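Undergrad: Protein chains in written order, with numbering that gives the first Met the number 0: chain A, 0 to 236; chain B, 0 to 351; chain C, 0 to 447.
Derived from the structure by calculation, the hints contain no laboratory data. There's no promise every hint is true.
[Stated by the list, open to error] Some but not every residue of chain C turned toward chain B, in silico, with C-beta under 7 Å:
1. S190
2. D191
3. I203
4. R413
5. G423
6. L427
7. M430
8. E440
[What the hints assert, rightly or not] Pairwise CB distance ranges, derived in the manner of DEER restraints:
9. C/A119 x A/A163: 57 to 67 Å
10. B/T204 x C/V428: 35 to 45 Å
11. C/K312 x B/A103: 33 to 43 Å
12. C/A272 x B/A314: 56 to 66 Å
[Unchecked claim] Taking lysine to aspartate or glutamate pairs in the DMTMM-like style, the calculated list, with each CA pair at most 20 Å apart, reads:
13. C/K93 x C/E134
14. A/K179 x A/E115
15. B/K229 x B/D98
16. B/K256 x C/E411
17. C/K93 x C/D136
18. B/K109 x B/D218
19. B/K229 x A/D108
20. C/K312 x C/D298
21. A/K179 x A/E152
22. B/K176 x B/D252
23. B/K326 x B/E311
24. A/K168 x A/E199
25. B/K109 x B/D98
26. C/K183 x C/E383
27. B/K256 x B/D98
28. B/K176 x B/E324
29. A/K179 x A/E199
30. B/K109 x B/D226
31. B/K109 x A/E15
32. B/K326 x C/D212
33. B/K326 x C/D136
34. A/K127 x A/D172
35. B/K109 x C/D298
36. C/K132 x B/D226
37. B/K156 x B/D171
38. C/K183 x C/E316
39. B/K176 x B/E74
40. B/K256 x C/D212
All values derive from a computational prediction rather than experimental measurement. Ideal Cβ placement from N, Cα and C applies to all residues, glycine included.
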Amino acid sequence: MSLLLEARGLVGGYGELTILHGCDLTVEAGRISVIVGANGAGKSTAMKAIFGLLPLREGSITFAGEDIVGRTPQELVALGMGYVPQMANVFPTLQVEENLEMGAFIAPDRVARGLERVYSIFPALQEKRRQPAGELSGGQRQMVAVGRALMMEPQLLMLDEPTAGLSPKVMRDIFDIILKVNEADVGVLMVEQNARQALEIADTGFVLGTGRNLYVDTGEALLADPEVARSFLGKRD
Amino acid sequence: MEFADTLNALVYLLNKGVLNAAKIGSIYALGAVGITLIFGILRFAHFAHGDMMTFGALSAFFGTLWLRQQGINIEPIPTGLLALPVAALVTVGLALLIDRSVYAHFRAQKSPPVVFVMTSIGVTFILQGVIRLIGGTGDRQFFFTLVENGERLREDKARLLFDFEWLSEHFDGFAQKIVITAPQLALFVFTAVALFGLHRFLTRTRLGKGMRAVSDNEDLARISGIDVGKVVLFTWIIGGTLAAIAGTLLAMDTQYKPILAFNLLLPMFAAAIMGGVGKPFGAVAGAFIVGLAETFAVFDWRVVYNFLVPDEMHAATALALVPAEYKLAVPFVILVLVLIWRPTGIFRGQVL
Amino acid sequence: MSRNAVAALLLLALFLTAWFALSPVTALLYLATALATAVIVLGLNIQWGYGGLFNAGVLGFVALGGYAVVLVSIPPVPEALDAGGSGLLSAAIKLGVTMVAIYALARLHAFLPNSLLRGAQILVGIAGYIWLKGELDLTIRAIETAATADPSMRGFVGGLGLPVLLGWAVGGVLAGVIAWFIGKITLGLRSDYLAIATLGIAEIIRTFLKNADWLTRGTLTVSPIDWPVPTPRDVNALLDRGGGDYSVAWLDIASEQAGTALSRIMFIAVSAAILIALVLLLERALASPWGRMMHSIRDNDTAAAAMGKDVVKRQLEVFVLGAVLMGLGGAMLTSLNTLFDPSAYLPPRYTFLIWAMLIVGGSGNNLGAVFGAIFIYLLWEMSEPISQFLFLNGAAVLQAMFEGWEPPSDLEGRASQMRVIVIGLALLVTMRFAPRGVLPERQGLRKR
Ligand SMILES: Nc1ncnc2c1ncn2[C@@H]1O[C@H](COP(=O)(O)OP(=O)(O)O)[C@@H](O)[C@H]1O
Ligand SMILES: [Mg+2]
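Work out the full structure: start from the sequences and follow the hints.
TA: Below, the structure written as structure tokens:
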């Protein structure tokens, strides 16, 4: 199985402050990788580093075999990556449809097809297409954010805690959507606080701590590992 | 009291009050839109905006001088308007030059807003010097008489006169007129067209939506693949063009002077903040509110009042809320009140 | 050699250039002005360098300080006071009542929603204004029409006729009091909003001083204003009576300039003493727990607030303290000029130039502030004669080269504009290549 994304030995942080101490993250083509870990472990920082938002001090990142260290987010979007950050991930004063269009800013000719695809995945958005995104509910906002990242039909979708702050019902909806997107052979790299549910759908799971890989295995294996279960998954419900 | 006097009062009010407010409001609007776009997209209060307006007016003046000397004119359009496109181009060029040579560096450093404000103060200094260096320290009229081969070529402000003859035939004693000069008419037309065009641009075009997106959330805009550099470029193009138009039309209506627009800076900030930073149409509304408030705070109601009351009750002294000398202070008072009362603007503005 | 020493030598070199290339009395005037300005810059350094407050309304406090000198040192005009004294008193009382009412409303914040409260405050303010305006208009008219023994004082209430040094102190106090009110309503705004608000308030103060002819003589200006030391005129009169030759050849001082030079040196001595005392006091204050707390607030207000420090209260303290120095400096300048001219307080000169001084000198460092003030002021004054010289000679060369070319008639006026360009460039170059200024703040202080 070829690796769609391969990040090795990432070292970096904010200014002088080093947050990442050599973690590895990989996604196989068309598969789902999940990152879990305690608050402040550096999960979001790792995502930003991969997406070119943070200068790396050491480490290599390849996407579909191509070296992407130092590329701008704009170039990464063109290469086929989409990223949904953890917070503030919609344009609040732009209408839903305008938000989506911004996802295909670099390729205006793909807007129509992208919209069609996103509306087929999220029919709820089509009804609200003229509404400012800032007025939507949390779940719908998350849909707009994911939809925006899907506009360019990426090969890899990066999601940072897409279910944070959502009700269990909406959370399940979002997970269903992620699975549905993945069925179309889109690779997914996802950070999740709801570790158990996330690992259940993960092909590969990464447990991060202080910027390092603590455990790497299939989702299933991690769920079965008593050590992981004790420290990261909490009690069984 | 005659009905004619009521008409007199009304038309006087329209001519001296509403028209003035609309005029100054339009100027403020053109400037404040640029300020609010820069505020929203580049995230700092651009203190040099007034001087960009003055620079635009100066370029237009030189353009006018050149056109007149070449004998180029298209009746009945004032020559100043013919020079406007070039003035806009020069002003945009200046804005881009400043951006590339000054602000771009601090943008790359991700400097905090105060650093930008401070550098824009440095830019203000340089611009004020350059403007006087090339334009001199004196005032200049856009409508001047050119002497060529002993021949005196005059250009006058064309006036549109509404003397309501048909009405005065019916009402004895109705004699008020409305006078609109060519520059004023041009100002209203340009403002309407520019604002309508801007609205279309911001809501219909990819780049315009991109601009709004950057204003909403710059990081997300980058992540989405929006070319922020291009958005910045267009911000200056739009801001510079509107600044040149506002400066030129203001100078044509009154006269060009080196401090033409410096005094407009604070009212324009007031308008931009009142409208909610980053919201161009909020800024337009703010601009007209400031224009109205400023005009009517110092408006002398005596004439209107005297039209409406019997002769023996006529007022002899000015009936103004605020003495005319304090006209300039009115927008500042509004500004301070807005900042304290609703720093996010009177509409639901974006909190930067 | 330390940075400070290099900076001092640079200033000395500039000063000597002015001394020998222009004239000794001119150089002394520049230095005296620079020292008074340095007091203002120290005030801004307290607000910005230590407090992180972006005050773009420096000129308001400088102008208030300037007015205070008029208020204290100019003799009263009895006829005007007879005509309008009681009216002024009652207007002042009405103003006081209005302000107390607004303040009392603020106490109701527990019972009323914020927007309603602010709306009510604004309404009370407007009502108070209208209530006060009627009385004040009549009083002002009475003052303006009162016949005076000295016709040049007509329409002006005058001052208190007290020593001018007291006026300097009152300049600080007046600016501080007004700053307290301004700070009360504006502190807490985000940095560039604070800048715009203070800029606006300064314009209001300026407009008021410029147009309140009964209080300030407005565009008619008030002069002469006294010095705390004998003025050039006094000293010259004294020397004339002596009648000797007072020239100092090696210093290039001609006999007829000696009195002026001596008097200016005395003014400089007083200003320098004040400046040195202020710097020493400020350094002590900053080393105290209060100073360390200020630093922690500036560097990270949220963390400091979380530590239970009353950020806004501390900021109000530095805002007022800074304004006091601005008022004092403004008073000193007014004395030095022997003239109070409210129309002269323009933002480029009295706000932005002060900022350029602080940024170039090094904000956060008192010595940097003083250096910046003197350096930029000398640069500001001297770039004018230098560019005039260059321009006029350049024009002559061009005229020789191109037959029939006429330089613009206002060439000298245009050349004097070079100085704003020089200052603007100095500011931009500093921000780009030495963002912390020529004499930066000591790192140790910044971190702890
Ligand atoms: N913009 C930033 N500047 C400085 N430090 C940051 C920034 N963002 C996050 N951090 C720090 O980096 C560490 C890791 O943060 P993050 O990657 O967001 O953790 P996670 O997503 O795993 O909860 C935390 O200690 C956090 O305080
Ligand atoms: Mg996170």
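Undergrad: Going through the numbered hints above, which ones does this structure break? Give me the numbers in ascending order.
TA: Of the numbered hints, 8, 9, 23, 26, 27, 28, 36, 37, 39 and 40 do not hold.
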